Amino acid sequence: MAGDGKQEGRVEAEEVRGDGMPSSILHPPSSEDAWHVAGLTLRSRVLLGTSRYPSLQTLLDALDASGAELVTVSIRRVALGEADDRESLLGVLRARGLYLLPNTAGCFTAKEAVLTAQLAREALQTNLVKLEVIGDDETLHPDAVQLLKAAAELVADGFQVLAYCGDDPVTAQKLADLGCAAVMPLAAPIGSGLGLVNPYALRLIRELLPDTPLVVDAGIGTASDAARAMELGYDGVLLNTAVAGAEHPALMAAAIRHGVEAGRLAYCAGRIPRRLYARASSPEDGLIEVDRRR
Amino acid sequence: MNETATQEIAIEVNGQPRTVPAGLTLDTLLRHLGRDPGAPGVAVAVGDRVVHREAWPATPIEDGARVEIITAFQGG
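In the order they appear, the protein sequences are chains A and B. All letters in the first sequence, in the order written, are residues 262 to 555 by the working numbering. All letters in the second sequence, in the order written, are residues 389 to 464 by the working numbering.
It is worth saying that the hints were derived from the structure and are not from the lab. Quick caveat, the model's predicted, so the values are computed rather than measured. Keep in mind that the hints are not guaranteed to be accurate.
Said to hold, decoys possible - Part of the chain B face toward chain A, derived, beta carbon under 10 Å: (1) I397; (2) V432; (3) E456; (4) F461.
To be verified - If you want the ones that stay clear, here's a sample from chain A, every Cβ over 12 Å from chain B, calculated: (5) G310; (6) I336; (7) A340; (8) L350; (9) A381; (10) E383; (11) A405; (12) P460; (13) A527.
Cβ atoms here follow ideal geometry from the backbone N, Cα and C, with glycine treated the same way.
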């Protein structure tokens, strides 16, 4: 009967989840489904970058539509001798009550990244940092050696380090062991919009680090990518270009928000196992009999 | 450093060489550069070390100093 079938399905799902994860990491969402990272309690699992929007108003509309509470900013030299309207961004973000996550984008060495983080802390009065140490200009892939060095120094200096990294499980594990507040492996190169090019590696990282806040950072192209990241059990998704570069950024921001929520719910719901062959969903008992020979 | 009161020194600010009057401290240097040292959201490093805002008035700018003045911009 239908009831029996449902029961049977649930037992299977509890033994091994369809994505191969042990059911012990299932944690049904509370009514608000808040999560905790770097001493913050966040209700939104979307982390949004503030760069490359066609206008400040477009950025603000996208921020509102995304529901993001934690947003990234970069640290750059002020322009001397001329009024610089880029500087007005800070006030606008603060006025909206958003948490700021300064990044170390553009840094190629641990030394640069550490000084940038320290300047960010001084300028923004925050100990949060999205640590980014790039190793290659074209792929913008992180330099694992410099990244680990910088992470160790910044953690020792009292920073809450959210570390952008490759999808190598060993580096991810080391970052967690160093005491990073979050580990943020890429889905694909920054700005590429390729989506999850190696979901297997992302899955491994989730399994290896069940208690570390994990965020998929970079490579998201559209809402389904964000949903897939969340279905792997990630705690959040950080993106920028997919929204800023969309034809209608605010619409895409809303789509990402829904994708993240859908993926999160699906993860918490515990998906069915993948099967090679079909399995009838209608009851097999009580079928009518017809003479098939005629 | 010579004795003349009107002496100037050569420093680097945000990667650009500049000549400024000798005897400035970090806060007066900012003012000299047309920036309000009281404005929030700005941080300064001299010679790759962050100088806390409270220490700006007590930080003399010496010949050859490398000064970085930063703030938050759009970023991903």
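Hint by hint, here is what the structure shows:
Because the closest C-beta pair between I397 (chain B) and chain A is about 17 Å apart, greater than 10 Å, the hint is violated. The criterion of a C-beta within 10 Å of any C-beta in chain A is met by V432 (chain B), whose closest approach is roughly 8 Å, and the hint holds. Because the smallest distance between the Cβ of E456 (chain B) and any Cβ of chain A comes to about 7 Å, under 10 Å, the interface hint for this residue holds. Hint on F461 (chain B) holds. Least Cβ distance to chain A is approximately 5 Å, under the 10 Å limit.
A cut-off of 12 Å between C-beta atoms contradicts the statement that G310 (chain A) is not in contact with chain B; the least separation is 3 Å. With a closest Cβ-Cβ approach of about 5 Å to chain B, I336 (chain A) is found to fall inside the 12 Å limit, against its non-interface label. Separation of A340 (chain A) from chain B is inadequate, the least Cβ-Cβ distance of about 8 Å not exceeding the 12 Å criterion. Not every beta carbon of chain B lies more than 12 Å from that of L350 (chain A), the smallest distance being close to 6 Å; the non-interface claim is violated.
With a cut of 12 Å on Cβ distances, A381 (chain A) falls inside the contact zone with chain B, its closest approach being about 7 Å. Some Cβ of chain B comes within 12 Å of the Cβ of E383 (chain A); the nearest lies about 4 Å off, and the non-interface call is violated. For A405 (chain A), the non-interface assignment is confirmed: its Cβ lies about 20 Å from the closest Cβ of chain B, beyond the 12 Å cut-off. For P460 (chain A), the shortest C-beta to C-beta distance to chain B comes to about 22 Å, beyond the 12 Å cut-off, and the non-interface label holds.
Once the 12 Å rule is applied to beta carbons, A527 (chain A) is consistent with being away from chain B; the minimum gap is 27 Å.
Of the numbered hints stated above, those contradicted by the structure are hints 1, 5, 6, 7, 8, 9, 10, listed in ascending order.
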